[in-house]
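Just so you know, the protein sequences line up as chains C and W, in that order.
FYI, the numbering for the first sequence is 8 to 251, going by the numbering used here.
FYI, the numbering for the second sequence is 8 to 251, going by the numbering used here.
None of these hints come from the bench; they were simulated from the model.
Possibly wrong hints are sitting among the right ones.
Unchecked claim - Facing chain C, from chain W, some residues (calculated, C-beta under 10 Å): (1) Arg-25; (2) Ala-32; (3) Arg-39; (4) Tyr-48; (5) Leu-63; (6) His-95; (7) Pro-97; (8) His-111; (9) Pro-174; (10) Asp-195; (11) Ile-235; (12) Ala-243; (13) Cys-248.
Stated by the list, open to error - Just a few of them, taken from the derived set where beta-carbon distance is under 10 Å, the chain W residues facing chain C: (14) Asn-52; (15) Pro-226; (16) Asp-228.
What the hints assert, rightly or not - A short list of chain W residues far from chain C (calculated; beta carbon distances all over 10 Å): (17) Thr-90; (18) Arg-93; (19) Leu-98; (20) Ser-140; (21) Gly-143; (22) Ala-146; (23) Met-147; (24) Gln-163; (25) Glu-184; (26) Gly-187; (27) Trp-188; (28) Gln-209; (29) Asn-216.
Since the structure is predicted, the reported quantities are computational estimates derived from the model, not experimental observations.
Backbone N, C-alpha and C fix where the C-beta goes; we use that ideal spot for every residue, glycine too.
Protein chains: 2
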Amino acid sequence: MRPQIVLFGDSITEQSFRLGGWGAALADTYTRKADILNRGYGGYNTRWALFLLHHLFSLDAPTPPVAVTIFFGANDAALLGRTSERQHVPLEEYKENLRKMIQHFKKCSPSVLVLLITPPPIDEAGRFEYARSLYGDKAMQLPERTNEVAGEYAKQCVELAEELGLPSVNLWSKMQETEGWQRKFLSDGLHLTPDGNAIVYQEVIKVFNETSLSAAKMPADVPHHSIIDGQKPEKAFQLQCPTI
Amino acid sequence: MRPQIVLFGDSITEQSFRLGGWGAALADTYTRKADILNRGYGGYNTRWALFLLHHLFSLDAPTPPVAVTIFFGANDAALLGRTSERQHVPLEEYKENLRKMIQHFKKCSPSVLVLLITPPPIDEAGRFEYARSLYGDKAMQLPERTNEVAGEYAKQCVELAEELGLPSVNLWSKMQETEGWQRKFLSDGLHLTPDGNAIVYQEVIKVFNETSLSAAKMPADVPHHSIIDGQKPEKAFQLQCPTI
Numbered sequence: 008m009r010p011q012i013v014l015f016g017d018s019i020t021e022q023s024f025r026l027g028g029w030g031a032a033l034a035d036t037y038t039r040k041a042d043i044l045n046r047g048y049g050g051y052n053t054r055w056a057l058f059l060l061h062h063l064f065s066l067d068a069p070t071p072p073v074a075v076t077i078f079f080g081a082n083d084a085a086l087l088g089r090t091s092e093r094q095h096v097p098l099e100e101y102k103e104n105l106r107k108m109i110q111h112f113k114k115c116s117p118s119v120l121v122l123l124i125t126p127p128p129i130d131e132a133g134r135f136e137y138a139r140s141l142y143g144d145k146a147m148q149l150p151e152r153t154n155e156v157a158g159e160y161a162k163q164c165v166e167l168a169e170e171l172g173l174p175s176v177n178l179w180s181k182m183q184e185t186e187g188w189q190r191k192f193l194s195d196g197l198h199l200t201p202d203g204n205a206i207v208y209q210e211v212i213k214v215f216n217e218t219s220l221s222a223a224k225m226p227a228d229v230p231h232h233s234i235i236d237g238q239k240p241e242k243a244f245q246l247q248c249p250t251i
Numbered sequence: 008m009r010p011q012i013v014l015f016g017d018s019i020t021e022q023s024f025r026l027g028g029w030g031a032a033l034a035d036t037y038t039r040k041a042d043i044l045n046r047g048y049g050g051y052n053t054r055w056a057l058f059l060l061h062h063l064f065s066l067d068a069p070t071p072p073v074a075v076t077i078f079f080g081a082n083d084a085a086l087l088g089r090t091s092e093r094q095h096v097p098l099e100e101y102k103e104n105l106r107k108m109i110q111h112f113k114k115c116s117p118s119v120l121v122l123l124i125t126p127p128p129i130d131e132a133g134r135f136e137y138a139r140s141l142y143g144d145k146a147m148q149l150p151e152r153t154n155e156v157a158g159e160y161a162k163q164c165v166e167l168a169e170e171l172g173l174p175s176v177n178l179w180s181k182m183q184e185t186e187g188w189q190r191k192f193l194s195d196g197l198h199l200t201p202d203g204n205a206i207v208y209q210e211v212i213k214v215f216n217e218t219s220l221s222a223a224k225m226p227a228d229v230p231h232h233s234i235i236d237g238q239k240p241e242k243a244f245q246l247q248c249p250t251i
């Protein structure tokens, strides 16, 4: 009954309801307006996420989401021949997988707002430190992700959005505009700090605010308590929700 | 498709996805297991909330919630003859309104887990300071809520839960076990600080963990990425989600 906004992505989406998370912040903004559903799958790349599409987003759903954020690429961009190569998806396939997702969401609902988010930048030193904290001297010596390669995936993501006339958030670029982004926005060289989450929230809400999905413009579902007459409460409900 | 846990209540529920909020913390705990839906309505008492029952929770819903938290009373306990008297609901009616809610949820789904949460304690000095910060010298001189009266509502809530064999969280008592609860848990004498939210989260999760709704015991919806074979990804999906 309440409109649904779905966050589809990898661990950066899955963790988006942690303290200071961008998903929780969206849920707070859309209180009484829309439900924010977390469909984040840690470790997933776009190839594996395609297996989930029909499972999570049925073409027959009576009430498909009004908006979907697609936020993959951090795992696709894992390098071949390094410790995370299992997650690697070639650049061209990444772009085509995103295209398939978009096509699916548009089939579910032609009016759905699809917002593409690029992977964040990679702080290679931060990744190395994180690996050392886990594995000590056995940590990989060569990075499993580089910022340069993540940037190539981000570029494909933004180009696809432009090609299809969709909004996008170039998180890879946006974060690097701030000096010290490596520690300010990333907790382990890849995942987001609360400040990093705040950037995602701000950029996503900026896009939503320019559409009919601006929380401020969406109707509240039931009367605000201040307009309820203490003596005749039914009046306010009959007026705003005739089906009550 | 994913089980739903609904948080039904007043402003303390509505604000539960703010920074450090108990709703967001639940959503994080239930990532990939259940959706946490916020049905909090600031300013509402149980009398007004009854108007929403059928609107929000249809008896014909194909997939009713697996659990509901009912968290009202802070507004019902507003005193007659004071600035918030419009929100006042007599003690006995409060209890009966809670009973009607529970009956409705049980009709929606006999197996639903209903968890009652009492109103928090009231810090009268904190309320007064808050009123002065808003209205200066025009602030009310007499409290619109007292801790003693909030405690009477809490007592009715817990007694009803015991009568019906339902779990409950006595937030009013629990918070007052900690010295300095007034400032530690309450931001304006009524609403919750992040520490106050943490108490709600801990108490709610303690109840859930003793049931089949323990997040740790609930199955994940799709394969963990670590068991996906990079060469034959379809295998893991066919095994865990045969319908994919």
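Hints versus structure:
no.	hint	in the structure
1	Arg-25	holds (5 Å)
2	Ala-32	holds (8 Å)
3	Arg-39	holds (7 Å)
4	Tyr-48	holds (7 Å)
5	Leu-63	holds (8 Å)
6	His-95	holds (8 Å)
7	Pro-97	violated (13 Å)
8	His-111	violated (14 Å)
9	Pro-174	violated (24 Å)
10	Asp-195	violated (17 Å)
11	Ile-235	holds (6 Å)
12	Ala-243	holds (9 Å)
13	Cys-248	holds (6 Å)
14	Asn-52	holds (8 Å)
15	Pro-226	violated (14 Å)
16	Asp-228	holds (8 Å)
17	Thr-90	holds (13 Å)
18	Arg-93	violated (4 Å)
19	Leu-98	holds (17 Å)
20	Ser-140	holds (19 Å)
21	Gly-143	holds (21 Å)
22	Ala-146	holds (18 Å)
23	Met-147	holds (17 Å)
24	Gln-163	holds (21 Å)
25	Glu-184	holds (24 Å)
26	Gly-187	holds (22 Å)
27	Trp-188	holds (22 Å)
28	Gln-209	holds (15 Å)
29	Asn-216	holds (18 Å)
When the structure is compared with the earlier hints, violations turn up for hints 7, 8, 9, 10, 15, 18 and for no others.
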